[in-house]
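A.B. asks: Just need the whole structure built from these sequences, with the hints factored in.
2 protein chains.
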Amino acid sequence: MKKRILCIALTAIASGIAGTALAQQKPEEVIKYRKSVMTIQAWHMRPMAAMVKEQRPYDAEVFAYNAQVIGQTARMKAEAFAPGTDKATDAETRAKPEIWSEPEKFKQALDRFQAEAVKLVEASKVGSLDAVRPAFGGVAKACGACHDTFRTK
Amino acid sequence: MKKRILCIALTAIASGIAGTALAQQKPEEVIKYRKSVMTIQAWHMRPMAAMVKEQRPYDAEVFAYNAQVIGQTARMKAEAFAPGTDKATDAETRAKPEIWSEPEKFKQALDRFQAEAVKLVEASKVGSLDAVRPAFGGVAKACGACHDTFRTK
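Keeping their order, the protein sequence lines are chains A and B.
According to this note's numbering, the stretch in the first sequence is residues 1102 to 1254, in order.
According to this note's numbering, the stretch in the second sequence is residues 1102 to 1254, in order.
One thing to keep in mind: the hints can contain errors.
The list treats identical chains as one, so a pair stands whether inside a single copy or across any two.
[To be verified] DSS-like mimics (lysine-lysine), calculated; alpha carbons at most 30 Å apart, straight line:
hint	residue 1	residue 2
1	Lys1242	Lys1136
2	Lys1220	Lys1208
3	Lys1154	Lys1127
4	Lys1254	Lys1136
5	Lys1188	Lys1206
6	Lys1220	Lys1197
7	Lys1127	Lys1254
8	Lys1136	Lys1208
9	Lys1127	Lys1208
10	Lys1220	Lys1242
11	Lys1136	Lys1220
12	Lys1220	Lys1206
13	Lys1242	Lys1254
14	Lys1127	Lys1206
15	Lys1136	Lys1197
16	Lys1154	Lys1226
17	Lys1136	Lys1154
18	Lys1136	Lys1188
Hints are computed from structural coordinates only; laboratory data are not their basis.
C.D. replies: Printed below as a string of structure tokens:
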């Protein structure tokens, strides 16, 4: 019963706060949206990773822009993993069923990612590589932890 | 010559300010990113359209969130249309060659979209349907104008 209430609550978060009429969205559309969010986040992680690894010079403005994108798109995850989108006729997904069968655990993983993203945005305002390095590591680890648990290989 | 300088300037905007090492990005990766940006923008336009058309109740918070996403992702367009990404081996694109052969005209279309997106974000803070309706129309028209000119059917 507790789990069911949480499921309903998560649905409410996804459909209400985040703001799209999920009832009208087909699973394949949600999966397409989900993959797009992932593509954009991966794209914007890359230049930050290169700076942290000192493969390209640290540029505070560029780093801050990419950090902001991670912060802004973190909120999209709730909609992107709407209930009923574990599979679709016309779309493939690597999302594991545990996302929806263990919603509390998944919510913890999302909350961790969002909290680390907030820290990254804050750190990016300092303007030094020393400030952003640990924050970037925190986000990267949160990404990896969620992928390890909730994404198929 | 003027056009060539503008091309270089646009490349600099795309690779420098927006912040991804484009030299390392394959055209198919940029096209994937571009389509993801479009998917996300279309997704977040939908609930606003439904409110403006009074197909669902106006919710100021939900509208403002979706408006913010449009405002935030508007900046992604420069990277998403990086030079050299008119075609790729492993990706299809509906982007017309005019995007890169008429960069001044394309930049005007992007600038218009970004300006309308800024107006939408501002209007969404007012908290009334009357305030957001014309601003939403402005964004929608800017989307349509660019698609009509620079996207194949």
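A.B. asks: Hint by hint, note whether the structure agrees.
C.D. replies: Going through the hints against the structure:
1. Lys1242 to Lys1136: both (20 Å within a copy, 27 Å between copies)
2. Lys1220 to Lys1208: within (18 Å within a copy, 34 Å between copies)
3. Lys1154 to Lys1127: between (40 Å within a copy, 21 Å between copies)
4. Lys1254 to Lys1136: The answer is both: 15 Å in one copy and 24 Å across copies each meet 30 Å.
5. Lys1188 to Lys1206: within (20 Å within a copy, 42 Å between copies)
6. Lys1220 to Lys1197: within (28 Å within a copy, 40 Å between copies)
7. Lys1127 to Lys1254: both (25 Å within a copy, 24 Å between copies)
8. Lys1136 to Lys1208: both (18 Å within a copy, 28 Å between copies)
9. Lys1127 to Lys1208: within (22 Å within a copy, 34 Å between copies)
10. Lys1220 to Lys1242: within (13 Å within a copy, 37 Å between copies)
11. Lys1136 to Lys1220: Intra 24 Å, inter 29 Å, cutoff 30 Å: intra and inter.
12. Lys1220 to Lys1206: Cα proximity of lysine 1220 and lysine 1206: one copy only (21 Å, versus 39 Å across).
13. Lys1242 to Lys1254: Classified as within: same-chain Cα gap 17 Å, cross-chain 42 Å, threshold 30 Å.
14. Lys1127 to Lys1206: Classified as within; 25 Å inside a copy, 36 Å across copies.
15. Lys1136 to Lys1197: both (14 Å within a copy, 24 Å between copies)
16. Lys1154 to Lys1226: within (19 Å within a copy, 40 Å between copies)
17. Lys1136 to Lys1154: both (26 Å within a copy, 28 Å between copies)
18. Lys1136 to Lys1188: Both: 13 Å inside a chain and 21 Å across chains, each within 30 Å.
In summary, the structure agrees with every hint in the numbered list given earlier.
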